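Asker: Take a look at the letters that make up each chain.
Number of protein chains: 2
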Amino acid sequence: MEKVPVVDCLQYANWSEEVFREMRAGGVSAVHATIAYHENFREMIDNIEEWNGWFQAFPDLIFMGRTGDDVRRAIKEDRTAIFFGFQNPAPIEADIGMVEICHTLGARFMQLTYNNQSLTGSGWYEPRDGGVTNFGREVIGEMNRLGMAIDMSHAGERTTLEAIEISGRPITVTHANPRFWRDELRNVSDDVIKSLADSGGMLGFSLYPHHLAGGSACTLKAFCEMVAKVAEKHSAEMLGIGSDLCQNRPDTVVQWMRDGRWRKQLPARGTAEPGAQFPAPTDWFASNADFPKITAGLRQVGFSEDDVKGIMGANWIRFYDSALVPAS
Amino acid sequence: MEKVPVVDCLQYANWSEEVFREMRAGGVSAVHATIAYHENFREMIDNIEEWNGWFQAFPDLIFMGRTGDDVRRAIKEDRTAIFFGFQNPAPIEADIGMVEICHTLGARFMQLTYNNQSLTGSGWYEPRDGGVTNFGREVIGEMNRLGMAIDMSHAGERTTLEAIEISGRPITVTHANPRFWRDELRNVSDDVIKSLADSGGMLGFSLYPHHLAGGSACTLKAFCEMVAKVAEKHSAEMLGIGSDLCQNRPDTVVQWMRDGRWRKQLPARGTAEPGAQFPAPTDWFASNADFPKITAGLRQVGFSEDDVKGIMGANWIRFYDSALVPAS
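In the order they appear, the protein sequences are chains A and B. The opening position of the first sequence corresponds to residue -4 in the numbering used here, with each subsequent residue numbered one higher. The opening position of the second sequence corresponds to residue -4 in the numbering used here, with each subsequent residue numbered one higher.
For the record, the hints were derived by calculation from the structure and aren't laboratory data. Among the clues, some could well be false.
Stated by the list, open to error - So the derived list for chain A, only partly shown, Cβ under 8 Å to chain B, looks like this:
# : residue
1 : Ile40
2 : Asn47
3 : Glu95
4 : Ile96
Because the structure is a prediction, the values reported are computed rather than measured. Built from N, CA and C at the ideal position, the CB exists for glycine as well.
Isolated chain A (complex conformation) (with noise of 0.2 Å):
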């Protein structure tokens, strides 16, 4: 049977040789890695220093990829494409020309808005959702032009709408489930995923627990069976997955997500408030090693093999060979 391709649309795992190392084993080919949740222009630049670092140590391993053809290497070499991606447009801060630097050091996927309102767009968490701003047009058509795909998840409903119909190239929420499964304004709308669908767009399913029916309770079968729900009611052609993987992170990193520096009030450093816990994982994916358990899945849900390699991977690698190339 020719082998299945899996790339993983996000991750955020505290990265090292022994994750690097879990990708090899599971087979993991391409991993949208977030680089920056509400780092500064010059505080994204360090983190991609660390991963140069990775790169240069790890090139067995490693690599940083760019568009769908290094995917298809890393196949091909047995090794793992790294996509940069930033979870908040806080990187480019006000600046218009920050999108192409930013295109040009790697970046491929950008949320316009990370749960609060961002220069671009409005998050879930607002209260009011203002739609995708002047300076948020301006950013997807710069996307649009250098070929850096628009990332709509932890977005608004409004704003990841009109950031669908304002985009003149097809976007993605690379890591959320469907409310219907879950009902949270994190999730996404059937609207959303119908307008997705009918737009060439991308729909990333998170394997983290807060957005999975039944919490880390969820079982590998129930996950799978939404999987063909949705794929039933839309298209398979329009799914992958996009693990939210933080794997090994503290919980001190779910207080930066949450919060940034964006509010006073917080805990002591180095402690979680109660809620600013990373949850449990679920007993069958805990690391990029675990990734063939969710093809197997697939399978036993009736899913033909075909869709099983286009959700697990191939279906991305045509989204990447479209969207991650300069507009023509």
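Dock chain B against chain A, hints included.
Answerer: This is chain B only, laid out in the frame that chain A set:
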């Protein structure tokens, strides 16, 4: 007769469509453009953004160059490949990881010093030349690894000789003339030229009047005779042009080059102190359109056609081919 390739390995013109059109008129296929003197990292980014704007506005005239192949592409497509360089390591600040960041952003040349002491070495204007610093050795190592050319223009003699010695790859002085012709510390000694020659390095001749014997009154013939003398003493294959063309820059730019932000006592903003004016150009080199005159001048002093091609561009192309690729 086969076309003479023209490469200018140092300019800081006041870039504009007019200047880019003159590059085409002069048949200039590659220009090493200074994008930073005293700019810190963030300020240098603004300068790249400005260049990105020009690349987008004038794609028929210019594009960003990264390798020797880009010069051949420029020759083929009748365009000019612009290679980014810093005349000072200010943009990397005190951060070794920044060398790779700047390389990713396109920087292909970096001077270790600009007149004064830098974090990597001593400039010619310092009272004492301490040679290459601890950080300087690290920076040379990174530049060697990545394929960023080390440019020792404006450096002190000891710092220059040590950099040639320390570097595992050939380096360059992109814009200076021999001291035997105009005896100033900013120009290069026979020892430096010999050391460059022995190590496979390159010397680019400056056309900046302050570096010419006789200044603005220097004749084309005198310049070309000096080139012939260096070729005879050392080798024609290590020679090229680094014009130091600062066309259309106001005199306040001389002030910025000289003073950056390092000294307090400066003339009022917008004025130029005595001596801090751009010299009048020679009557044979005032813009990129004048390069064919130099080609003709070199022929007239008796250079073979092969040597003329080498000095006007082919030697730089060979250097770019080896110096601007990652270490193997």
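Asker: For every hint, state whether the structure bears it out.
Answerer: Verification of the supplied hints:
| no. | hint | verdict |
| --- | --- | --- |
| 1 | Ile40 | holds (6 Å) |
| 2 | Asn47 | holds (5 Å) |
| 3 | Glu95 | holds (5 Å) |
| 4 | Ile96 | holds (6 Å) |
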